[in-house]
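This is what each chain is made of:
There are 2 protein chains.
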Amino acid sequence: MSDIQSKIQEHLSSRASLIGKELAGRRDYQYLSIASSAEKEAERIVREIRQHEAETVWNSVHEGIPHVFPGMGFLTAKNIIKTTRLYQILKKMPKGALLHAHMDGTVDSGILLRLALEQPAMHVCVPRRLDYMSLSGLRPSFKALPPALCAQATDAPTITSALYIPYAWVPIQKAREEFPRELGGPAGFDSWVLGAQRISAQEAYETHNTPAKIWHKFGSTFVVADGLLGYEPVLESYIRELLRTSIEDGISYIEVRVKFFDKTMVRANGEDDLTHREWLVIFDRVVQEVKADMKAQGRGDEFVGAKIIYSTLRFLSISEIEWYLEDCIELKKEFPHLIVGFDLVAREDSGHPLIYFLEPLLRFRERQKELGLDIPFIFHAGETLGDGDSTDHNLFDAILLGTKRIGHGYSLIKHPMLIQKCKELRIPIEICPISNEILRLTQAMPNHPLPALLNHGVTVALCSDDPSVFGNTGLTYDFFQVLLSSEVTGLITLATLARDSLAHSELEPEEKKIALEKWERRWALFVEEVTKETLPT
Amino acid sequence: MSDIQSKIQEHLSSRASLIGKELAGRRDYQYLSIASSAEKEAERIVREIRQHEAETVWNSVHEGIPHVFPGMGFLTAKNIIKTTRLYQILKKMPKGALLHAHMDGTVDSGILLRLALEQPAMHVCVPRRLDYMSLSGLRPSFKALPPALCAQATDAPTITSALYIPYAWVPIQKAREEFPRELGGPAGFDSWVLGAQRISAQEAYETHNTPAKIWHKFGSTFVVADGLLGYEPVLESYIRELLRTSIEDGISYIEVRVKFFDKTMVRANGEDDLTHREWLVIFDRVVQEVKADMKAQGRGDEFVGAKIIYSTLRFLSISEIEWYLEDCIELKKEFPHLIVGFDLVAREDSGHPLIYFLEPLLRFRERQKELGLDIPFIFHAGETLGDGDSTDHNLFDAILLGTKRIGHGYSLIKHPMLIQKCKELRIPIEICPISNEILRLTQAMPNHPLPALLNHGVTVALCSDDPSVFGNTGLTYDFFQVLLSSEVTGLITLATLARDSLAHSELEPEEKKIALEKWERRWALFVEEVTKETLPT
Ligand SMILES: [Zn+2]
Ligand SMILES: [Zn+2]
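Note that the protein sequences, when read in sequence, are chains A and B.
In terms of UniProt numbering, the first sequence is residues 1 to 537.
In terms of UniProt numbering, the second sequence is residues 1 to 537.
The set of hints was computed from the structure by calculation and includes no laboratory data.
There may be inaccurate statements among the hints.
As the list claims (entries may be wrong) - Quick list of in silico lysine to aspartate or glutamate cross-link-like pairs, EDC-like style, CA-CA up to 20 Å:
#1 K7/A with D374/B
#2 K7/B with E322/A
#3 K369/B with E41/A
Modelling step: build the complete structure from the supplied sequences, incorporating the hints.
In structure tokens, the structure reads:
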């Protein structure tokens, strides 16, 4: 061998060893290194289809969409994604647990509206008469009213009438039916209401194209949804829909963040006195019903349950937070199997940083010790573009406060010491790819820090955050976007993310064991199905 | 102390220690920890002005600019930046070395055009008659012609004439003077030529808003500039301008990448036979003249010189590359003080990866050993959004091939093993913030991986890449954008970047020592000036 040839060999072998070392530090390595031949075949097929679609679907002109590429902005990509074979395949993949989603941002807004329209007690109001000029600027408020107020509202002029009195409640059905033809009639009512609950492509990519501006719209969508959801019959159906659509998407377990802010909500009879305790009873009942139903259908492997991360708002005062912490403890006492964590929600960059609540949070932990309870912190932290500011520093406090997982951790990649801590303490990051993109932390998936975190060996669970606001449901689109934006990531990487989501859930050890066994059975079936896919020619 | 109080103290002290450890891993820590009281005062003043301008300038409505925030896209921010006090301060800061800039993308395009207009031999042609419809789609080609061809071209119909013959050369002055009024007259000619040399906000942020699309425009700008620059008298003035404007911007040393592709260029007499060797003679002469002139003005501290990184194109074949490698060696023999590195340029995602050229590159190194020469590799690598693809993997090859620095290293943050190697081997990253943003790797500075790399302890030199294409000159804007997008980064961080740029230049040890001493003297003067700034009220 000539001198140059030996130098080439030396280079190639150092190169292979360095790249190999990096891959070996990733979470998916353990599975890749013991993959069955069927798994390897499925991996290969998925990579071939991805490559083929990169050259065809994502390399074509799509009318009305200026820039098309793999991992592009979800709101313009969605209709293209749906047409791909990769999406059809991923749709069937068992996704494991959904560990980061906000209850009131999960079910398709169209379904929520349909559920609300079934309720005669549901009413709508606006701050002033709705007309062609004000349509896009005004958003509806909803509330279910008690019978006496319903009777009063029956003959009230509708929200589009010249006689409309600002803030007067109008029956939702009436408002819809009498929605004037020049505003689109009933269908125009629906799109007005849905537009107030979803972020549009134009908002995300044009008019509100900064984190601060899009959060303005984002926050307002919950005000609309919460009015509809704050009514017992709607809530109950909503929870059922959440579970059903998640199951259809391959999700077998959910830890949902429920925002407890209003101290009561409206019960079926129209009275505004349904307590947090009763809320949990409803949730519990629906989960048990769906579980029983799935079992009866012989689909017991597809659903193991749902639990709650008690959440309240990070812009509250210390004394307000203390009330909710105590409320959380009381609920945990009665529903130990349901309440599995505590979190603070709303925009991190605007609300108080965790350090502001240090004392009540530490007291909360002490109280639990005294009472023999365990409500782990599962904090949002680092959902920001800030570097070294108080939001970015939430990561330090979350970890030091013993957070079991980190919600978003978008800025974690900036912190070598914290990456190390997350690996040592086995703290997974709940990454919400589509949420981060639509909320403008990243312009598209190729710029997302996820591939960097995976290469640094961090444990990750993919999550959807608020899919209904993003015109999304389930986790398939999030898995899809992640698969499209990295050559390292393949099907077995996605399986690792799914497994890790169950492994890092707050299921009891025995429940978790069963959930993982069920997942492995479904994964084997899925892999078999993928191996039967024909390759693109 | 109560139990809770002691837990609070414990938390706060663990927090301070973790944050402190992270800061101690940064390159700027060594300087922060020994900062003089004047430096601390300057640091504080700059932070206060930044904070004040974040709340005023960057939090105001600016007509015609939809989204305003600190670190926003440069092409729309530029006119705002120029009005800030922070910019005025940074303008005066000694920047150290400019280590990554492409010769033909450095001098303001308006100046280049003015230089070309002074040359009667300079001609322009277009592929077909230029009119209102074709104006934005056609770009000019320029070339200096020998006297015989000049004579023939004198009476040729101009590029906008109905009689224009495609590709016929027209004297540049004539084309300009006869540019029709409906296309804007001579000023319209100028903006057409300048538009072909610069990326506009509309292109970067709307019509060409992906890396692939903007590179299409980016690449075409060099074809225009190279036609003007390929003429000896223009080149000579251009080099002088590069040095002068850099000096005015506080840059005291330059290692410029010169693209050697055409084997000859046009000499003053119009003949196309000026060799690479003669090119270097011109460069050397201008550098010496400017040095002497600065010394004569008593400004010797402001300029220590300029050297060349021999560059050719990464889309050439192996046999073509071999010719340029040999050419580079021959030039190094004659100009050992000028040729200080070798690189491959053009879009990494489109050209061959480094591994493709492994054999000729290794042979190049062996040849140097035989000849007792040292031409280090200073490679572009990882200027990509790819993850695990061949462009991303250029980082492995660059480092294994012993690169002295890494150009861009945009995807380095994804590679924990390589971050470690860069730290161990003291390989700095030439980060080009504005280039990365305009070439759509990141939408704005808050999404750039620079803050992450700094926290990981990587050595960085800020660079401008191709400032003339970006409507930029010097390094002030790059320093500015970096300062605005991190709370960790302050004036002393910028000083660290400046010092490191000199420390990691290819200056000879004695030259480097002197360059650093000169920089320190200027830094001390600058700090003193900053401390005299009045604080915002
Ligand atoms: Zn969230
Ligand atoms: Zn470059």
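Here is how each hint holds up against the structure:
The hinted pair formed by K7/A and D374/B meets the criterion: a straight-line CA distance of about 18 Å does not exceed 20 Å. For the hint pairing K7/B with E322/A, the CA-to-CA distance comes to about 18 Å; that is within 20 Å, so the pair holds. Between K369/B and E41/A, the direct Cα distance comes to roughly 48 Å. Violation of the 20 Å bound is thereby established for this hinted pair.
Hint compliance for this structure: hint 3 alone is broken.
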